[in-house]
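Student: In case you want the letters, here they are:
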Amino acid sequence: MSDGLASDLITPDAGASPLLNQNDLSILKASPLTRLSFRARETALNDAGTAFGVPLPVKPLSSETGDKRAALWMGPDEWTLLAPEDELQSVFEQMESGLGAHPHALVDISERSDAIILSGKKAVWLLNTGIFIDFSLEAFPVGTVARTVFHKSPVMVWRVAEETFVVEAWVSFMDYVSGLLVQSAQELEAA
Amino acid sequence: MSQPFRTEKGGRIDRSQQLTFTFDGEEMQGHQGDTLASALLANGVHLVGRSFKYHRPRGILTAGSEEPNALVGVYRNGDQTPNLRATQVELYQGLEAISQNRFPSLGFDVGAVNDRLSMFFPAGFYYKTFMWPKSFWDKVYEPVIRAAAGLGKPPKNPDHDHYGNLYAHCDVLVAGSGPAGLAAALAAAETGAKVLLCDEQAEFGGSLLTEANATIDGKAPADWVADAVAKLQAMDNVTLLSRTTAFGYFAHNYIALVERVTEHLPTPDPKLPRERLWQVRAKEVVIAAGSIERPMVFPENDRPGILLAEAGRTYLNRYGVKVGHKVVVATACDTAWQAAFDLADHGVEVAAIVEMRETPPESLMSIAKARGIRVEAGCIVTGTLGRKRIKSALLGRLMTSGQVASGGQVDCDALLMSGGWTPTVSLYSQSRGKVVWDADKGAYVPGKSVQKERSVGAAKGLYGLQATLEDGYAAGEEAAKAATGKSATITYATATGGEAGDGGTLGALPHDRNASRVKAFVDYQNDVTAKDVKLAVREGMQSIEHIKRYTTTGMATDQGRLSNMNALQIASGALERPMTDVGLTTFRLPYTPTTFGVFAGVARGDFFDPVRKTPSHDWVVDNGGVFEDVGQWKRTWYFPKNGEDMHAAVARECKTVRDSVGLFDASTLGKIEVVGPDSAEFLERMYTNPWKKLAPGRCRYGLLLNDAGFITDDGVIGRLAEDRFHVTTTTGGAPSVFATMEDYLQTEWPDLDVWITSTTEQYAVAAVQGPKAREVIAPFIEGVDLSNDAFPHMSVREATFCGVPCRLFRISFTGELGFEINVPRRHGKMMWETLAKEIEKHSGTTYGTETMHVLRAEKGYIIVGQDTDGTVTPQDAGMTWAIGKKKFDFVGKRGLERPDLVADNRKQFVGLLTKDPKVKLEEGAQITTAETPATGTPAEGHVTSSYYSPALDRSIALAVVKNGHALDGKTLYVPMPEGSIPVEVTGTVFYDKEGARINV
Amino acid sequence: MLLVYCPYCGVSRPETEFSCRGEAHIARPADPSQTSDEDWVNFLYMRSNSKGVYVERWRHIHGCGRFFNAVRNTVSDEFLKFYKTGEPMPDLEELAKEAGK
Amino acid sequence: MKRYSFLELAKNAFSAHQNWGRQWRSPEPKTEYDVVIVGAGGHGLATAYYLAKEHGVRNVAVIEKGWLGGGNTGRNTTIVRSNYLWEESAALYNHAIGLWQGLSQELNYNVMYSARGVMMLAHTVHDVQVAQRHIHANRLAGVQNEWLTPEKAKEYCPPLNISKNIRYPVMGAALQRVGGTARHDAVAWGYARGADDLGVDIIQNCAVTGIRRGQDGAVEGVETSKGFIKAKKIGVVAAGHTSTVMDMAGVRMPLESFPLQALVSEPVKPAFPCVVMSNTIHAYISQSDKGELVIGAGTDQFISYSQTGGIHISNHTIDAICELFPHFRRMRMLRNWGGIVDVTPDRSPILSKTPVAGLYVNCGWGTGGFKATPGSGHVFAHTIAKDEPNPINAPFTIDRFRTGRLIDEAAAAAVAH
Ligand SMILES: Cc1cc2nc3c(=O)[nH]c(=O)nc-3n(C[C@H](O)[C@H](O)[C@H](O)COP(=O)(O)OP(=O)(O)OC[C@H]3O[C@@H](n4cnc5c(N)ncnc54)[C@H](O)[C@@H]3O)c2cc1C
Ligand SMILES: NC(=O)c1ccc[n+]([C@@H]2O[C@H](COP(=O)([O-])OP(=O)(O)OC[C@H]3O[C@@H](n4cnc5c(N)ncnc54)[C@H](O)[C@@H]3O)[C@@H](O)[C@H]2O)c1
Ligand SMILES: Cc1cc2nc3c(=O)[nH]c(=O)nc-3n(C[C@H](O)[C@H](O)[C@H](O)COP(=O)(O)O)c2cc1C
Ligand SMILES: [Zn+2]
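Chains as they are written, first to last, in this note's numbering: chain A, 686 to 876; chain B, 32 to 1031; chain C, 109 to 209; chain D, 149 to 565.
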């Protein structure tokens, strides 16, 4: 991923070959990440942001990114915090200590989902083969993150650049999601 | 001679491209740009099908998607697709089409005997007969009726094509691209709104492709269309979809379109989908679907060679085909005159214009006169002659008395007719709008919009080219404004010619023929005649809905688009009630028949439903394991070795676990992390059990009820810290338990400081069970003293497995010493492979769900969903111990107190042992007190689980039995077809009753 | 497929992102043990199932996960209002009147 | 009433079918009836028929807001079977099967009851267990039901895909041979004609708008769009609209009304010999006498009175059909519609007296009441005439939801078409 919000954080898995590599479209597996589910009431937000190093977004469906950090709004009391794979322990500890007495829940979900990076001119078209969200830039600007449904699988879509999306699904759904994306992209190669 | 009915020049076909096709095996020629219908007509072929009931010869009636007669099968890749309309099938090189519903051939069809016997087959005849002798219905009558029914033959082979799907959003969706639709799209696009324009036809332009007698902005209509389309194509904010039918209008402006991507191509690229479903959420919709010409209902109005007038004109002007050499035009309205004029201008002999109106407009009369066309005003057609093609038309003169006098006979080889126009209100009606009767227009037109939608042009009964264009532009502007708030200065195109016409008729025409003999068709495909409609009324059917269902009018594949208005008028006449009182049947989706594959889309094979696999999956495949489907999961069922069958494999697995050790993949179990200061309080309220005193590091079995008091799920819950619990659920129950917890949390107890997170897929779980379990895991675990004292049964610890952090549970669903290791999912494969290798050293085994079931049954542990079925309470299940009696409340507590949940005679969970240890009961078998109960005897209960127990070397079973807890030692019976099986009621624990083996 | 507005996400999304959880404002009795069988069955099962304006619970299950309430006309399927859990039930007659305008 | 027969048909053919009489009258309502039935669906009409026929109660009106048979009776997938799990249900539905078998002759109206066999597919081990339990329970109850291996299932239904490589392979099927289909409209019309002939007034285009109760709480009659009609007893048989009608009498019901969809394909030559249902992957299919494939889809998740539904519901049914019968993928949908079904918490019907004297209710058939039509009408007529249930419907009270004696068919199978 060349441009984009989280290019230092979400990177193609160097070991994996591309799932799809066409002129206008590529699908790459993303490298592992630290993912934490953070739940708390509003009063904890400031301290949480300070501890994490990036403020937690309060605007629905938005994200905040910083140096090797991203915080994604998932719900009014739910954020997904992203950090490099090897920082799981440290982020966890920083958060726990920074939050002090605020009631909260911090849960490791690093491995619950896999991510792929979908980019290219036809990325929106491809997403729309299975997702009913309007991905025009007005309706879904760069930085927007949303959980939704891709055909019969729940997914999360995060627009990190105009033509680049991070798509996450629970691990056991990823074959289905990436498989269908690759299959649907085939027609773009038709004469 | 090839294509004897092709005009010299003109039309939109590409004459330079000659195409060869076959119809019923006969080779013919056509051109690129033809439809199958136009090509057949060019070859002089009118007879293309047989009708549904009477097998009457039928020809091509229309030039559009409303065609009821010319249905054909088209072959591709060795299989045929039935019931395609020749009028919509685009010609390509090598197209193979066949006619349908005839035997042995189209020309000679034995089914045509039905036509001779038709006097015995009036509407609804089958309700009145075929009842005696009773046994004949299944064996004789019904099979014959069925064989006679149906149109084409279904495809024989699985469909090798694939289908696409696309979700789209737009500001303005325009359905239909005639003058109204194009103008609307142009206007809306000009404002910058996102526009999607679709038309079911191969080319945009609608009626403009037929119109030869008008200009728009000084151009020929077709040229204006080309320019307009080019302009739209160049705009980024416009999506143009030809061959795309808007077939469904759903709630909240959700429109379904089907795009036919490859059907018109001789050799499509297999990468392309055959068809694509578009699901469009439109802010505003413009329905520009045009109108449909109405047939006239006169005797024998169904002969091949009889077409709608505008269709005749379309074949001529658009496809360069003359429908005949000598044509009669029968009409009640102005527009058909133009067809006569156009034909005459192309050198076709117009034998007569038979005009129903006494005084047709002078302007038309003079044009006819100028061309020397005979006009019979105040005249109608009262019948036709010719067997497989019309030979002549019988004329009748309308008299003031209402009678009809014979008006002679005119020879012809084609007849064009027009009863006027019916606005296409299908999509509007689908949007749940109510049509209103417009007496001036003699038509139902759209009433108030109930969704964000507007109908324009002919679709709302507005005719005349200039007016249509204006209406379209205005609607496009308004729609864009409503959708985006934006507007622009739009220049409207101006038109000359194409004036709105007048006239029209509805219902059956009078005639001087023998009424009991002749048939005047209302619904062509279903062979419904005017007489049928009247008969229905005579029999007491007063609602149009009854008439429809009794006669089947409007139920054919054109869904009454041609027939409804005529049928309604005939019904109204017979009922002596105004049409508006009779009502209208409901327009439903799809607008035209739509391929199942389009709806199914990509959901097929492995993509039918996600296949959820656990990290051991590949290893299991490599090692010959057999899977079972549990919800979307693939779980290993058993591991046959050396040709074992399931029974042998399971027996070996069971024995090995009890003797040494077994490894089981428990990754699919639901996992929920409950975190926050109020965690214990929350679980206290959700589960029947008490949680507050559970110490960190310890686990407890949890039982979940619904508020009605019945068991819905269970699982082990470990306390990781004061404010953190690791909850497990059944595999199938995971989503609903999570949803239920969220529900109570968010809506009943929002004040609790606790949050739940699904961690089902965060962890891979390996269960290691058996006396040697500790030895097996010990080499890999660090950070925990595994000894029984330090880490007793029902404990949990954070540790590492091969250096990977893990949650280690000491729990058992087998009754043996057992551990469950949760590692982050990514390491699941490593864990599995490590342990699989390790257990081999201890002569252990991997085992699947079946062995797990047997082992737990030997211990009397329930499986929710198998031993319970939503009607079982904790008391019934013998699990009162799991209820925290001192608790103020928990989900289900109050439900449990209801009268029938505490009544006697409830079915209770017990063990059963067959008197003969070799006999294994069938799961689901019923239990009775009598050895040979009379049929209808209520069962005392049923067998919920039953297995051969290797540990006991005998069969065991679990069951629910009325008052079972009091029946210990009693004999009951399981009556089977082969004889009754005596069983003894026992406790539910069969093996290691003291539970010593788990505490080692 | 309905278009449902989530008052937490502030966006409208297709129905399949949501799960409908039945009639709203049916409170679980605060002290179930003091509740009669009649009242308990009312809570468990009895529903107004109205033809017309109806208040129901939805959950943005494949989105933010929140439960919220919606007022919908069960004949036209038109939504008249969405509001967050915990907010009071709106004046239905007033809403119906407004929608009828 | 003129009896229908082939001879009669032939005779009328020679008078150009000019002499057929009405199948039922369209009378104006009288001022008073012994019994008023609300709703002229199959169940309401059958109730009236049996009231008149078997209990001599002939001063009966059936009041219908639209056209008779236009509710769910006229829009269902016509599957008839009786292999339900619980004894109570099996007894009720089997009672109906018994009546179906002679119904055409009884009514002198060909309802085309076609015992083509209903096959319910099992795709998982759990499905197999559930099916076996049904089969065992049914055998004891005297209800036909048998197990077929996948191969036998394919023999019975050749188009079935029993490949092991499909997403949810067929592991077997439960077959009820006496199950099948019947012509939905003919059932309504046959009962209407029969009831009318016995003196029952069927009053169409007349909506019940209120239920009047006296000082003592007992019913006095119904308010309708054609005025007040006195009635000693009122039977509410209004399917999807039960809650609204019962509300008129102040009775709250444990019901929710959902749109349920069905669809037909274009008609084709015989291609499908029986009825196949799969609860697990949600597919219900048969072929009608006219040649359409008749396919049942699911309900929307929200209550609605719109008689339409979302496209995703059809998609999920058709994908299942195409998976099981892959050569139908090129077939085309001709028409798709919806009906409003009233669903109880335990998915079993209510055929019951109510807390209001003189008020009886027959409802909650959900997605599967067509098959019960004759049986339901028969026992409900008994309940109304005798003011006490027939033993067959005695368990199907409203009170069971309070006491907890549910007849939970949902527990075993999610949908009960
Ligand atoms: C799509 C679909 C598929 C189905 N498939 C099957 C199947 O395969 N097998 C099966 O056994 N069952 C099936 N069912 C269920 C079955 O159709 C119904 O259970 C059954 O037809 C109910 O019959 P009924 O007479 O009770 O109701 P209905 O036929 O609906 O009759 C009720 C009548 O009451 C009238 N009414 C309502 N309110 C009033 C009022 N206020 N005043 C006057 N009249 C009123 C209505 O207009 C209606 O005519 C299906 C249902 C649907 C919708
Ligand atoms: N003088 C008269 O009495 C009379 C009568 C009828 C029509 N007309 C003339 O015909 C013209 C009508 O123009 P118009 O634009 O309203 O209609 P049109 O008939 O020109 O165009 C309608 C278009 O809609 C398409 N269509 C219909 N349903 C569709 C669907 N569901 N999905 C996709 N496409 C669909 C058709 O293929 C067609 O191309 C006017 O010029 C009018 O004067 C005149
Ligand atoms: C078993 C069955 C078969 C049907 N076959 C057809 C058919 O061949 N053609 C058709 O147009 N409609 C058919 N219908 C659907 C009806 O036209 C109609 O849609 C249905 O009765 C619901 O009524 P409504 O659409 O008027 O609301 C059939 C309905 C049923 C229940
Ligand atoms: Zn939301």
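If you are wondering where the hints come from, they were derived from the structure by calculation, not from laboratory data.
Treat the hints loosely; a few may be bogus.
To be verified - Straight-line Cα separation of at most 30 Å, DSS-like style, residue types lysine-lysine; simulated pairs:
(1) Lys-465(B) to Lys-400(B)
(2) Lys-187(B) to Lys-165(B)
(3) Lys-483(B) to Lys-189(C)
(4) Lys-665(B) to Lys-300(D)
(5) Lys-417(D) to Lys-187(B)
(6) Lys-159(D) to Lys-951(B)
(7) Lys-159(C) to Lys-374(D)
(8) Lys-300(D) to Lys-170(B)
(9) Lys-159(C) to Lys-512(B)
(10) Lys-165(B) to Lys-312(D)
(11) Lys-1001(B) to Lys-917(B)
(12) Lys-550(B) to Lys-159(D)
(13) Lys-378(D) to Lys-159(C)
(14) Lys-165(B) to Lys-534(D)
To be verified - Derived CB-CB ranges, DEER-like:
(15) Ser-373(D) to Tyr-191(C): 48 to 56 Å
(16) Ala-135(C) to Gly-375(D): 38 to 46 Å
(17) Lys-302(D) to Lys-483(B): 48 to 56 Å
Cβ atoms here follow ideal geometry from the backbone N, Cα and C, with glycine treated the same way.
Student: Confirm or reject each hint.
Tutor: We went through each hint and held it up to the structure:
Proposed proximity of Lys-465(B) and Lys-400(B) is contradicted: the alpha carbons are some 44 Å apart, above 30 Å. Under the criterion of a C-alpha separation no larger than 30 Å, the hint pairing Lys-187(B) with Lys-165(B) is inconsistent with the structure, at around 34 Å. Restraint check: the Cα-Cα separation between Lys-483(B) and Lys-189(C) comes to about 18 Å, which is no more than 30 Å; the hinted pair holds. About 26 Å separates the Cα atoms of Lys-665(B) and Lys-300(D), which keeps this hinted pair within 30 Å; it holds.
Restraint check: the Cα-Cα separation between Lys-417(D) and Lys-187(B) comes to about 12 Å, which is no more than 30 Å; the hinted pair holds. About 65 Å separates the Cα atoms of Lys-159(D) and Lys-951(B), which puts this hinted pair outside 30 Å; it is violated. For the hint linking Lys-159(C) to Lys-374(D), the alpha-carbon distance of about 21 Å falls within 30 Å, and the restraint holds. For the suggested pair Lys-300(D) and Lys-170(B), the alpha carbons sit about 22 Å apart, so the restraint of at most 30 Å is met.
Pair hint Lys-159(C) plus Lys-512(B) does not hold up; C-alpha atoms about 34 Å apart against a cutoff of 30 Å. At most 30 Å may separate the alpha-carbon atoms for a hinted pair to count; Lys-165(B) and Lys-312(D) exceed this at roughly 41 Å. This hinted pair does not check out: Lys-1001(B) and Lys-917(B) have alpha carbons roughly 35 Å apart, beyond 30 Å. Among the hinted pairs, Lys-550(B) with Lys-159(D) is consistent with the structure: their alpha-carbon atoms are about 20 Å apart, no more than 30 Å.
Using a Cα cut-off of 30 Å, the hinted pair Lys-378(D) and Lys-159(C) holds, with the two alpha carbons roughly 26 Å apart. For the given pair, Lys-165(B) sits about 33 Å from Lys-534(D) by alpha-carbon distance, which is inconsistent with the 30 Å threshold. Distance hint for Ser-373(D) and Tyr-191(C): a CB-CB separation of about 36 Å, inconsistent with the stated range 48 to 56 Å. Hint check: Ala-135(C) to Gly-375(D), Cβ distance near 41 Å, so the stated range 38 to 46 Å holds.
Taking 48 to 56 Å as the suggested C-beta distance range, the pair Lys-302(D) and Lys-483(B) conforms, at roughly 49 Å.
The structure is inconsistent with the numbered hints 1, 2, 6, 9, 10, 11, 14, 15, although it conforms to all the rest.
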